[in-house]
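K.L.:
Given next are the chains, with one letter for each unit.
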Amino acid sequence: MARNRRSTPEINAGSMADIAFLLLIFFLVTTTMDVDTGISRKLPPMPEEEQMDEDPQINAKNIYVVLVNASDQLLVEGELMRINQLKNETKLFLDNNGTNPMSSESPDKAIISLQNDRGTSYEMYISVQNELTAAYNELRNDAAIKKYNLNYTELPKDKRRVIRKMYPMKISEAEPFKLN
Amino acid sequence: MSKFRKNKKSSQAPISTASLPDIVFMLLFFFMVTTVMRETDMLVDNILPQASEVKKLERKSLVSYIYIGSPKGQNRISKYGNDAKIQLNDSYARVNDIQEFVIAERESRSEEEVPLLTTSIKADVDVKMGIVSDIKQELRKSQAYKINYSTRKKEDK
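Protein chains in written order, with our numbering: chain A, 1 to 180; chain B, 181 to 337.
Be careful, since some hints might not be right.
Negatives, chain A to chain B, calculated, CB over 12 Å [as the list claims (entries may be wrong)]: (1) Leu-24; (2) Ala-143; (3) Pro-156; (4) Lys-165; (5) Met-166.
Residues from chain B shown here face chain A by an in silico Cβ test under 7 Å; the list is partial [stated by the list, open to error]: (6) Leu-200; (7) Pro-201; (8) Val-204; (9) Met-206; (10) Glu-233; (11) Val-234; (12) Lys-235; (13) Val-307; (14) Lys-308; (15) Gly-310; (16) Tyr-325; (17) Ile-327.
If you're looking for bench data, these hints aren't it; they were derived computationally from the structure.
A quick note: this is a predicted structure, and the numbers were derived from the prediction, not measured.
Every residue, glycine too, gets a C-beta built ideally from N, C-alpha and C.
Just need the whole structure built from these sequences, with the hints factored in.
P.N.:
Here is the structure:
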């Protein structure tokens, strides 16, 4: 009976906020709102049997041949090139509009042919893809500024389509060779 | 000066902080609920290459991931060797398993979402292109044409 009479002391809830803050900070720190980024590509469908033989008629000067070998060296149009030159050279080729008889006739006819060896490192392949994408992005941006006075990324969808039609990204990757 | 004096005279009640824990708890629950723990155990080394011309991958529920890299950790290296391996979901896989994987991914989605499915290739920097080309061929065979080479964003110099 004596025990019951003793009044229980009230628990101080003042430090509740501190505890909650501690937990809050823990979760704030551990939360990762990671966004996946990457280079998007669309693979071509598998070629059909009859289609294999007939070559599409493309003028050779409209094709920009980019080769990457097993030791990650670049051969562009028959010449050795370093990766940091690739973007500007690609831009020159695409935006040639018939000035140089050896380069493309117009950006929408130009095709980039990319071929890599089985031994090429993935890192090199991605940097080549990145440089080629950068060339297209810069050309599209320049065209957007010239035509609409806005950056390409700021354009509404329909205007973006117009620009994309001027500079369609045509990167063709060769069928893998059956060599060992 | 009279202004200040006036203020001093009117005794203001202190702001009650009793509801502070409630507010903090609310925030806490928000973060607890939104925190996502990593779903798949990584069985392969996965350091992504860097690129500057990246796009955000939207609608994560429509993305299936293929991881490529050499086995992670000494135990696995001694067991499986140091060659690059493919990881699908929570286990190692062979190139031939990819078609099956794509079909399984497709069947778990509703029909109108199927054309929007993207395959994200998460390959390690040290991976050779041979295995990546094989995977791309398999994806083409299974008509999964939309792919994304996953990269880290490169900081501008």
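K.L.:
If a hint holds in the structure, say so; if it does not, say that too.
P.N.:
Status of each hint after checking the structure:
The Cβ of Leu-24/A sits about 5 Å from the closest Cβ of chain B, inside the 12 Å cut-off, so the non-interface label is violated. Every CB of chain B is more than 12 Å from the CB of Ala-143/A (nearest about 17 Å), matching its label as outside the interface. The beta carbon of Pro-156/A sits about 18 Å from the closest Cβ of chain B, which is more than 12 Å, so the claim that it is off the interface holds. Its beta-carbon lying about 19 Å from the closest one in chain B, Lys-165/A satisfies the requirement of being farther than 12 Å from that chain.
The Cβ of Met-166/A lies farther than 12 Å from every Cβ of chain B, with a closest approach of about 18 Å, so its non-interface assignment holds. Because the closest C-beta pair between Leu-200/B and chain A is about 5 Å apart, less than 7 Å, the hint holds. Satisfaction of the interface hint for Pro-201/B is found here, the shortest Cβ-Cβ separation to chain A being roughly 4 Å, below the 7 Å cut-off. Interface hint at Val-204/B: satisfied, since its Cβ lies 4 Å from the closest Cβ of chain A, which is below the 7 Å cut-off.
With 7 Å as the threshold, the beta carbon of Met-206/B stays out of range of chain A, its nearest partner Cβ sitting at about 10 Å, so the hint is violated. A distance limit of 7 Å between C-beta atoms decides the matter here; for Glu-233/B the minimum to chain A is near 4 Å, and the interface restraint holds. The beta carbon of Val-234/B is positioned within 7 Å of a beta carbon in chain A (closest approach about 4 Å), and the interface hint is therefore held. Satisfaction of the interface hint for Lys-235/B is found here, the shortest Cβ-Cβ separation to chain A being roughly 5 Å, below the 7 Å cut-off.
Contact between Val-307/B and chain A, as hinted, is supported at the beta carbon level, the nearest pair being about 4 Å apart and thus within 7 Å. The beta carbon of Lys-308/B is positioned within 7 Å of a beta carbon in chain A (closest approach about 6 Å), and the interface hint is therefore held. Interface hint at Gly-310/B: satisfied, since its Cβ lies 3 Å from the closest Cβ of chain A, which is below the 7 Å cut-off. This hint holds: Tyr-325/B has a C-beta 5 Å from the nearest C-beta of chain A, less than the 7 Å allowed.
With a least beta-carbon distance of about 6 Å to chain A, the hint placing Ile-327/B at the interface is held under the 7 Å criterion.
In this structure, the earlier hints numbered 1 and 9 are contradicted, and the remaining ones agree with it.
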